[in-house]
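Asker: Residue numbers (this note's numbering), protein chains in the order written: chain A, 1251 to 1618; chain B, 266 to 636; chain C, 2 to 327.
The set of hints was computed from the structure by calculation and includes no laboratory data.
Hints are supplied without guarantee of correctness; some may be wrong.
Facing chain C, a subset of chain A residues (Cβ under 7 Å, in silico) [what the hints assert, rightly or not]:
hint, residue
1, Val1318
2, Gln1321
3, Thr1323
4, Gly1378
5, Glu1380
6, Asn1384
7, Pro1393
8, Ala1411
9, Gly1433
10, Glu1437
11, Leu1441
12, Gln1539
13, Phe1597
14, Leu1604
Partial pick of chain B residues on the chain C-facing surface, computed with a CB cut under 7 Å [to be verified]:
hint, residue
15, Pro383
16, Ala387
17, Ser402
18, Gly403
19, Ala506
Even glycine gets a Cβ: it sits at the ideal position worked out from N, Cα and C.
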Amino acid sequence: MDKRIAKADDLNAATDTIVATFDVHYRHYLDPKGQLIGEAPAFAKDREIMLSLYRAMTLTRIFDYKAVALQRTGQIGTYPSCLGQEAVGVGYASVMTDKDVMFTTYREQAAQLWRGVTITELLQYWGGDERGCNYAGPREDFPVAVPIGSQATHAVGVATAFKLRGEPRVAVCALGDGATSKGDFYESINLAGVWKLPAVFIVINNHWAISLPVEQQTATQTLAQKAIAAGIPGIQIDGNDIVAVRQVCGEAMERARKGDGATVIEAFTYRIGDHTTADDATRYRKDEQISAAWKIDPLARLRTYLGAQGWWSKEDEEKLIAECKQKIEAAVAEYAAIPPPRPESMFDHLFETLPPALAWQRKKLMGG
Amino acid sequence: MKSFSLPDLGEGLHEVEIVNWHVSVGDNVVADQPLVSVETDKAVVEVPSPYSGRVAALHGKPGDIIPIGTKLAEFDDGAAQKQEDRGTVVGMMPEAETRASDAEQRERVSGARVKAIPAVRALARKLGVDLIAVDPSGPDGMITADDVKRYAHAVAELPAEPLHGVRRAMANKMMQAHAEIVPASIHDEADVESWIDKGDVTVRLIRAIVAGCQASPVLNAWYNGQDMTLRMVKNVDLGIAINTDDGLFVAVMRNVEVREDADLRDGLNLLKHDVEARAIPLEEMRGATITLSNYGVFGVGSRANLVVVPPQVAIVGAGTIRPRIVAHNGAPAVRRTLPLSLTFDHRVATGAEAARFLRAMIDSLEGKAKP
Amino acid sequence: MAEVTMVSAITMALARAMQDDDSVIVFGEDVAKNGGVFRATDGLLDRFGSNRVMDTPLAETVIAGMSIGLAAQGFRPVAEFQFMGFIYPALDQVINHASRLRNRTRGRLSCPLVFRAPMGAGIRAPEHHSESTETLFAHIPGLRVVIPSSPSRAYGLLLSAIADPDPVMFFEPTRLYRAQKEEVNDNGHGLPLDTCFVLREGRDITLVTWGPTVRETLAAAQTLANEGISAEVIDVATIAPIDFDTILTSVEKTGRLVVIHEAPRHIGPGAEIAATVAERGLLSLHAPIERVTAPDTVVPLPRLEKAYMPSEKQIVDAARRVVNFS
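Pulled out of the complex, with its shape left as it was, chain A reads as follows (with noise of 0.2 Å):
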């Protein structure tokens, strides 16, 4: 796509010169029916990595499903699903290293689990515990946002304290469609955009916030050109192709690590689930539309890619869903087996030191 985006006014074309023009690219490799287009990156032709891949996808949708059904049954409270997404989040999590820092909004419990948040974790954070934020795996990494966008500041004073000690580190963010409405997004990409942070923004357009199509939600044309509003590099690319979101992703980080500066990623996906247990998308969207998406399911697509390589069987599938299963009913009795929490421990992370007027309060909140 080679578009022009400042369209000058044909009566005063004479007048005016053009004195800015931007491309915003779109890139896939893996078609919807599991067939490599064109060149792909070398990773693509790897086993190990692809079967990887698959592993988490496979490991992402086996827990969603279990989880809105244990929303179901009371033993979490509201879920959002992220059926449908599980592409997004393995590809960008899978090129990050120990060292990078992830941003997310509640959505993205494939990358959270790709990063080493435990199952366990995401059941107590959904079962209403603070205790699942303490992440014993990746201690950087900041719980997940619920006030839309806002993750993205946090991300730009990670991306500023990397690049104020010069490290080799990335800070990756990873929001959604409607966030690109939010002046958090926009004073975060114009902020790196300006001191040339290392910080990688990763829209995951999964057409819905909540019951606003993205057409509803902005007239640009694309969202990945609203980095171009930030002086930075914005690109499109295809989200249930796990290769072109692992190769895209990747290239940004090393963008950032080099001293290259930001980028905007925009991967364009479809949120199959409900917003959330407590929503009724039918309410304002139609069956044809699921039904469109289950046709670009990211799982299936690879899976097909990965059995025209010869590199997976029904046994491979058979065992892979019975240690999925298995993974999580461990994790879901261990959740079961954890002590709730005391009511006294919300007073014990306010501030480091409990000041004495609260130490008061929490006295008498344990009946003293």
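Dock chains B and C against chain A, hints included.
Answerer: Only chains B and C this time, still in chain A's reference frame:
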């Protein structure tokens, strides 16, 4: 019910093995949603749902080999069951049946009000002073610490004797009456010159009260102020106020409306005797429907606002019989008259009802009505 | 030891903190090259360089949000917001993130940051530059609010705020910036947070205040002293969490309390103080607690500024009423 059979997956396959179901019975699915993974010779393939709808039944389990054309799943006819609108996007918010107004209470609660700041209240408590009794000298009727101290000092010089027995009971009873009753009184007098020398005053008073109850039955009743219910009583159980050295007793003469004069006189004597001997049983002090206080026997007083004791709604007071200058047949005359006071609870009875009662009493006492 | 104004004392504190701790960085709008619109960061860029003193784009939300990211990574950011009236876009980040990051990660991540902003009326500034809305912040659990009232206390409290492991809102009364000079010892010693300062001892009445109204309150105390009323003046300094022990001890002694603040009356911090004293010190009181505050109106434009701010006369009148109550 729509059923779905395993379609021909091509490449000359006759059968496949079920690997994994992606949906469960009862799920709402949309067309193209993966239903089941099956294994062909070459690969694991997902079979998409042909319809949108609710899964009614699934056939086969993982590991089963099924031929092409076998029924795989069944769907409920028609559109997928609409799930109930939860009306929220987070959390749970079931709609309740309770009415907001049920929890609200409109009972009026009254209490005595004294104005004093907390430190003064604490001081009063410490000194054993009842703030009600203290004269305030502070702004806007506020009791100051000095007021409390002054009072405490003053009462310290006087011996304080707690009330006992009948006096205590009277104090409680009167307080309760005061808190509940809304009293109003009508006063008048009956000309008794014609019979005073030979009649039994008390008995005639009782007869007159019966006449009054017949004229205004509402004054012979019990009233419950809490639930605002009135019980009209058919019989007249008359409370007779009897004074002793120990205090005031009110003994009850039952069914005075059906008793003969002699019986009434005997009854009165018996009551008086028992009261003075302190031998009167408790039930005989309970259950009066209306009371008579013949305070005139003390020789003084011609009108009195007496105390109606709940649940009664009226009390009749009879003052001192003495000669008075009255108008008689259009000219001044000296006649002996009997002053009557009727105090009634104005929550229950109207002035008219009270007036009718008193009229009937006077008519009875003046011989104008049948006794 | 030089005699310095409050704003210079603030600069001294910032420089001292940055000198003693490499992780302290300063940023905000116009703070580097220009030294801050009130010169609070004057000279810091030259001294510490552009890696530690930075001009940001005009974007309060990201200034606050990036502070959180930096703090979580081990820096101690001191971000300046040009006026309290312009800090509100940052409220989302302050309330939804800074105040609760430690809590929601059970201590895994935390925010040792300071947000500075000038506050209050009295310099005849245009609209929106004269706010006293510290209550908004004081109401948020997990957040400290500190308001200095003198050059030496500004120095000491700012040092402690920067050293504190948790987020601190540090609001500086604009009309005190240059109003007084005081000897400030640049010794790097912080003053305690969460602590009241008894500025004047007295027997007859307790006057509790902070920030801009400390001056008027001290003047009122002097006027009252001339009438034989001995007033104790307490500077609350940390508005959240409040040191109630000092206040209660004072009220136990005097039995009378007036709270003075420039924040509007309704649900101002004075209400919290009055409620707590009523709750825990009721039997000491000989008179109702009074509050002398700005009215519940929008801060007026400069022509009515004087009528809006609590005056010495109002404080004296309130104190007399309370003393003469009973």
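Asker: Does Pro383(B) meet its interface restraint, that is, does its C-beta lie within less than 7 Å of any C-beta in chain C?
Answerer: holds, 5 Å
Asker: Minimum Cβ distance from Pro1393(A) to chain C below 7 Å?
Answerer: holds, 6 Å
Asker: Can we keep the Gln1321(A) interface hint, with Cβ of chain C closer than 7 Å?
Answerer: Gln1321(A) check fails; min Cβ-Cβ to chain C is 20 Å, beyond 7 Å.
Asker: Holds or violated: the hint that Phe1597(A) contacts chain C, with Cβ atoms closer than 7 Å.
Answerer: Violated. Min distance 9 Å.
Asker: When the nearest CB of chain C is found for Ala506(B), is that gap smaller than 7 Å?
Answerer: violated, 47 Å
Asker: Does the CB of Gly403(B) sit less than 7 Å away from some CB of chain C?
Answerer: holds, 6 Å
Asker: Is the shortest C-beta separation between Ser402(B) and chain C less than 7 Å?
Answerer: violated, 10 Å
Asker: Mind checking the CB of Gly1433(A) against every CB in chain C and telling me if the closest is under 7 Å?
Answerer: Hint holds; Gly1433(A) Cβ to chain C Cβ min 6 Å, cut 7 Å.
Asker: Have a go at the Leu1604(A) hint: is there a Cβ in chain C nearer than 7 Å to its own Cβ?
Answerer: Where the cut-off is 7 Å and the nearest Cβ of chain C is about 9 Å from Leu1604(A), the hint is violated.
Asker: Taking the least C-beta to C-beta distance, is Ala387(B) closer than 7 Å to chain C?
Answerer: The hint holds - Ala387(B) has a Cβ within 7 Å of chain C, the shortest such distance being about 5 Å.
Asker: Hey, does the Gln1539(A) contact hint survive, CB to chain C under 7 Å?
Answerer: violated, 32 Å
Asker: Does the nearest C-beta of chain C fall within a distance shorter than 7 Å of the C-beta of Leu1441(A)?
Answerer: holds, 5 Å
When the structure is compared with the earlier hints, violations turn up for hints 1, 2, 3, 4, 12, 13, 14, 17, 19 and for no others.
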